[in-house]
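Engineer: If you follow the hints, you should be able to join the two separate chains into one complex; please do so.
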Amino acid sequence: MKNLKLKAARAMKDMSQEDLSNVVGVSRQTINAIEKGDYNPTIKLCIAICRALDKTLDDLFWNSDAEE
Amino acid sequence: MNTATLLGIVTGLIVGILIYFIAIKATSKYRFGNKPDYDERQKIEQGKAYKTGFFAMMIFSCIFLCMDVLLENGMPFAPGVGSFIIIFLGAFSFATHAIFSDCYISTNERPIRTKIIFIVIGIVNLAASIINIFRGELIENGLLSVKAINLLCGLLMLILVCEILIKERLDVKREKLDEES
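For the record, the sequence lines run as chains X and D. Here our numbering is used: the first residue of the first sequence is 1, the next is one more, and so on. Here our numbering is used: the first residue of the second sequence is 1001, the next is one more, and so on.
Be aware that one or more of the hints could be misleading.
Straight-line distance between alpha carbons at most 30 angstroms, and here's what the computed DSBU-like set of lysine-lysine pairs gives [to be verified]:
#1 K55(X) to K44(X)
#2 K1043(D) to K36(X)
#3 K1048(D) to K7(X)
FRET-style restraints, in silico, Cβ to Cβ [said to hold, decoys possible]:
#4 K13(X) to G1008(D): 51 to 61 angstroms
#5 C1066(D) to E18(X): 42 to 52 angstroms
#6 M1(X) to G1008(D): 57 to 67 angstroms
#7 E18(X) to E1137(D): 42 to 52 angstroms
#8 I1131(D) to M1(X): 18 to 28 angstroms
Don't read these hints as lab results, they were simulated from the structure. Even glycine gets a Cβ: it sits at the ideal position worked out from N, Cα and C.
Chain D with its partners taken away, still in its complex shape (with noise of 0.2 angstroms):
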């Protein structure tokens, strides 16, 4: 890795640690009190999707583990890129479980904030990969580079959305049947 990688991701950190302070803490994220307020039925599955979580971390580093000893020239990933490709589907395992679980957004949360936030975080990295894909960054030596991080940072965020769109509109459908019968 170079300074001027390092620096970018020193100032990457920097910026995005100003921005969480500032657009972040500094509007309300819930509707009362100042933290998420689970409720007894959540915080019990919250700890099933952490299951799930550390669970599809430990497969994928099994599986990543003999990929890289199986392939003859090992992972096509640049040092570090296969860890933090395992944190991301550890993390999704997570998430997944955890909204399809009604278990993601607090009882006093805005999930509307919570999706407008990770919509910006998907498209800031998105658009960074983009730019990228464009220079030929996102494969060097035949090797996804560290650059791949936005994408894949990007689309999780865009697939959590959806996901809890579509879990949004589940829940409606539901209502309506359970209010019928």
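So here's chain X without its partners, still in its complex pose (with noise of 0.2 angstroms):
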């Protein structure tokens, strides 16, 4: 499942995923893995994220529509 979130998150602060995998310390291709739904990160890396765009974890990898 894509994560939007994270995109729209990243477009908010006006980060290409080249900016945010260079904060964050991992591969462009990896976020962009990520976005599209075809990598789940790790709990650590899922944290440095949020720290990169000023979000919490529930902001960005919380699916609300799995829980119902």
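Structural biologist: Shown next, in the form of structure tokens:
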């Protein structure tokens, strides 16, 4: 499932995938894979992404639809 | 294997090691740090790529063994060449999987440097193999000689460079599409 929240949060910060990947310390393709839903990041990487985008884990990675 | 060939192999190894330590170790390979920094997804993908390489080697070993038994005169290689071909095929399978899964080049590595090194190794090996072809030393007694290893190594390196370039082109296209959507 695509992570549109992450993509939106990144766009709000006016960051490209490359910018975010440099801040977080991963490859651009990893950020791309997370946004496309092809890769489930570890909690460590989720926290790093949240810190880089000034968001909480709930904001970016909690899927309320899946709970229902 | 005669003494001259053995001396050639030993000299080649020594020169290769010297070039590695002088030309490669002396210049910084990484944008930061002094060792490859693969991210968590890349490490997982590398595991899959190693598996691909391992199974490729297993499969080709079985194929070569079967062909050696089935063919009347055995495989058309000099002793040892078949093993190198299997290693090259395994390495090729690993590298292809890794390149197309974005885990061949680490996050802090300079891709241009990797490409230049591969091109140089490829050209040096191909040049050596062209000389061998003109000397008629590539095939001896109807068998592919040990000198064919240069040709295989050169081809492998240049194919890997082509794969890296293709992957980069694909990435640029995908990035544009992703940003537009």
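Engineer: Run the distance test for K1043(D) versus K36(X): straight-line Cα separation, threshold 30 angstroms.
Structural biologist: Judged against 30 angstroms, a Cα distance of about 19 angstroms means the pair holds.
Engineer: Check the following: the C-beta atoms of E18(X) and E1137(D) are separated by a distance inside 42 to 52 angstroms.
Structural biologist: holds, 49 angstroms
Engineer: Between I1131(D) and M1(X), does the C-beta distance stay in 18 to 28 angstroms?
Structural biologist: violated, 57 angstroms
Engineer: Mind checking the hinted window 57 to 67 angstroms against the Cβ distance between M1(X) and G1008(D)?
Structural biologist: holds, 58 angstroms
Engineer: Given a hint of 42 to 52 angstroms, does the C-beta separation of C1066(D) and E18(X) actually sit inside it?
Structural biologist: Holds, since C1066(D) and E18(X) (Cβ atoms, about 48 angstroms apart) stay within the stated range.
Engineer: Does the Cβ-Cβ separation between K13(X) and G1008(D) fall within 51 to 61 angstroms?
Structural biologist: holds, 59 angstroms
Engineer: With the threshold set at 30 angstroms, check whether the alpha-carbon distance from K1048(D) to K7(X) stays at or below it.
Structural biologist: OK: K1048(D) and K7(X) at ~28 angstroms, within 30 angstroms.
Engineer: Is the Cα-Cα distance between K55(X) and K44(X) 30 angstroms or less?
Structural biologist: Answer holds: K55(X) to K44(X) is near 14 angstroms, not above 30 angstroms.
Checked against the numbered hints above, the structure violates only hint 8.
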